[in-house]
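S.K.: Here is how the chains run, residue by residue.
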Amino acid sequence: MKIEFTLNGHPASVEAPADISLLHLLRDYIGLTGTKEGCGVGECGACSVLLDGQLVNSCLILAPQAGGREVVTIEGIRGADGGPNDLQQNFIDHGAVQCGYCIPGMVLAGEALLAKNLTPSRSDIREAIAGNLCRCTGYQQIVDAIEITAIDRRGEARKTEVTHG
Amino acid sequence: MAELKYVGKPARRVDALEKVLGTAKYAADYRLPGMLRARCLRSDLPHARIVRLDVTPALQVPGVKAAITGEDFVNHGNFGYPVQDMYMLAHEHVRYVGEAIAAVAAETEEALEAGLNAIICELEPLPGVFDPEEALKPDAPLVGQQPWDSPTEPRGNLLVKHIVRNGDPDPILAQSEVLLDEHYSTAHQEHAYIETEAALAVPWPDGNGVTVYSPSQSPFNDRGNLCRVLGLGVENVRVIQPPVGGAFGGKDDQIYQTTGQVAKLALLAGRPVQMTFSREESMIFSYKRNPMRVHIRIGADRSGKLRASKVNLVVDSGAYSAITPFVAWRGNIHAMGAYRYDACHVDTHVAYTNNGYTGAFRGFGNTETTACIEQAMDDLATRLDIDPIELRLMNCLRPGDETAHGQPLGDDVALVECLERVRRVSDWDRKRREYGAANQKSSVGAPVRRGIGVACCFHGISLGAEGADFAVSTMQVNDDHSITFTSGLTDYGPGSRTVFTLIAAEVLGLKPERFHMHRPDTDTAIASGPTVASRATVMGGNAMRITAERLNSLLHHAAADLFGCSLVQVLRDGELFIGPQEEPVSFEDVVNHAREMGLMLSAHGRWDAPSIHWSMEDGTGKPYFAYHYGAQVAEVTVDTGTGKVDVTGIWAAHNTGTVIFPQGILGQIYGGITQGLGYALMERVDFDQGYLQATNFDEYLIPTAVDVPDIDGHCVEKYFSPGPFGAKNIAEPAMVPTAPAIVNAIFHATGRRIPDLPANLERVLIGHDLRQQGSDRACKLGLKHA
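Keeping their order, the protein sequence lines are chains A and B. 80 is the number of the first residue of the first sequence in the working numbering; add one for each residue after it. 331 is the number of the first residue of the second sequence in the working numbering; add one for each residue after it.
Read the hints as simulated data drawn from the structure, not as lab findings. Check before you lean on any hint, since a few could be wrong.
Claimed, not checked - If we take Cβ atoms under 7 Å as the criterion, some of the chain A residues that face chain B in the derived model are: (1) Phe170; (2) Ser200; (3) Thr216.
Everything numeric in this text was worked out from a predicted model, so none of it was measured. Glycine residues also receive a C-beta, built at the ideal position from the N, C-alpha and C atoms.
Just chain A, same shape as in the assembly:
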């Protein structure tokens, strides 16, 4: 069947079987391999993507369920210059990356949180990434990176308010 949706801000139209997962569609029919498979049963979060802004495990979503909706993968998270955005840069700057396999999912979990809450406590951040397993980092520097991004974005938000106010 033909599956049509918005992928990282651009229209996408893919011919694929109806019974495959969104993860499978992204990796094997579209070739976006930044989204990883870690467990296939929705436990590890390595396959996290944003579906209409919500953080979901793409291994649990059937590809046709994405039809007409907006999907954002790690390849869609970029700064204005096409490089890392502020959250990704903070992951780099604060040592949040080791093997890197969970990191696309972690970045998306961070974005999903920050879209709703720019004043998260460290425990809010831990709750927000609790569905994303990381075996390398012990999470601490990932929490640091998200926390610092929230602080920076609050600053940006205030600046914007002042400018427009």
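Let chain A serve as the given structure and place chain B on it in line with the hints.
M.R.: Here is chain B on its own, set in the frame of chain A:
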């Protein structure tokens, strides 16, 4: 020592960018034209004879391009180190559930499945043995393997025996004022790297060789095995390591099998072949951390002075040896802990069983034995009514002491500093007193109790007696004035690429941005032994330092020639070279001049570890050239109504020597502690009649972000003269003291010792496991839908 410019200064990981962007390509991410997918037929019996095996029907299935058994390899695909007891695909017998029997490569998933189903495979069940102590009894069913040290002499299921002998502890124990005599045990642990295994083999267009993209930790071991089983020379096999999604000791032996399978299939099919794994298949077929049963006897004076120790270890190797003989050896060496004794004996027996198989996992035997000896020290402290940190300070190894093996130690020992640091930063004295008093008072009334516990460790640096211990690097200046280097040691996450970069930048006085480490590749790097045992910083770092020093001396020769001065007159100011006329010349100009001189701007360097000697027969010697020391304090709350344990604080101090990459070393401490927290409280792989009971993260739980507190990590930077810039190792020891610190904190909170890891809900609540009927269901389902 001159002020350091890059070593120990804030730095970022050199390979983080591609990982945050999602552009890093791991082995499962490659897509090549004509690429086939492959999978194995695996045993669903724990022990059986292969009566009939025929893959020719699979070859009749449309879309199947190759199908193999062990007979397609040289010498049945036999490999393994230190014991050659494994096969690329099962030979005559299967010895664990999940063992690969045959492999198929096909164009589509449907053809692959049909091909696997078409294979004729008849298995005749054999009696299995599922308990290591039972396995060592004379009438136990035989797993059918030979012992390590005498391959021709049948010796039941005993894989190997190790000992430590120093004096005679028996008479001392008999006369001790206080005798501790306790049993402890640890469980199988799953590595749970988030990236499951994968490999891609690409046959060469001329048909003479194969390139394998493999996430094994040790590409040269991988190549060695491939050459052996494929019958090819090293010039015809190239192994490249893509980014690796975590390893922790767990990506060696089973990856060698996987690469052997895809390489053979690719050579037969003449097309690229990729094999990937579901989490279930990965958990079923891969090796685990060794479970150990530990019997500890310690004799002490009433004052708290330790006199003698005697430790017995029984280790379950499972169906194959993998690296377990050395895991058990390291456990054997560290089993008595980082303490002084007048006499010490250790006896370690390693048994083959049909419980999957075991091998390397962060800490490599020391994580297991430290979990036990550090609980024993806590129990002893309770009996002596001495504060657990005080008891450790009274007896722990100090500069100039002898270890329990009789090895004299140097001045790098910093265990006292580590213990005192965690005591201070955790506010130990106050909490120990206040929580202890509160727990004494509360009986039924207070369901939630607090506790604080400590553990410490030593950890032999690098391989010790496990093998030739050296590392090699190469480096060259390129046309664009960038510098590329190789190391025979790889970085599967811990950050050694960045450590090497900072060391090279420091030695050469050049910006880290100039340096790029080649992807580990057996065609460009030089073999340096396996990437294990937290070797990268000390071994690979020293090789890098030597290599960079040689390149630096070439550059200084060129600069002296350019200035027309002697070598000693060449000064440096960052990247600038300054001659006697005080005219600064750029690095680029020096490089260009070197080229005009005909100088080759490349170098290589090798570093050999200081010598050690250990007699396996006598159990005496110097097992490692030096040790890392560390101490951790954990604080918990225990809900005695539910058994739920929350770890509310962890303070860690590690004798890291000079810190090279601060952000990286903290990442190792936090990550190691988090694995230790899982090991303490929740992680447990159960086998029932050889069948794994948990095959995915829904049942095998590892710590999430909410299970871990913010950790307070400290580095005790006592200069370690053999290390590069004075650095020691960190990756493994970061995990070693965590589990005992946590279970000691639970003991402090509840007054009840849980001697068997993990201290899960039911053990904390009722003191033992709830009896559960095991089944073969998860395994059979997992293999079916692999």
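S.K.: All hints, please: hold or fail.
M.R.: Going down the list of hints, with the structure as the test:
Because the closest C-beta pair between Phe170(A) and chain B is about 5 Å apart, less than 7 Å, the hint holds. Interface hint at Ser200(A): violated, since its Cβ lies 12 Å from the closest Cβ of chain B, which is beyond the 7 Å cut-off. Interface hint at Thr216(A): satisfied, since its Cβ lies 5 Å from the closest Cβ of chain B, which is below the 7 Å cut-off.
Checked against the numbered hints given earlier, this structure breaks only hint 2.
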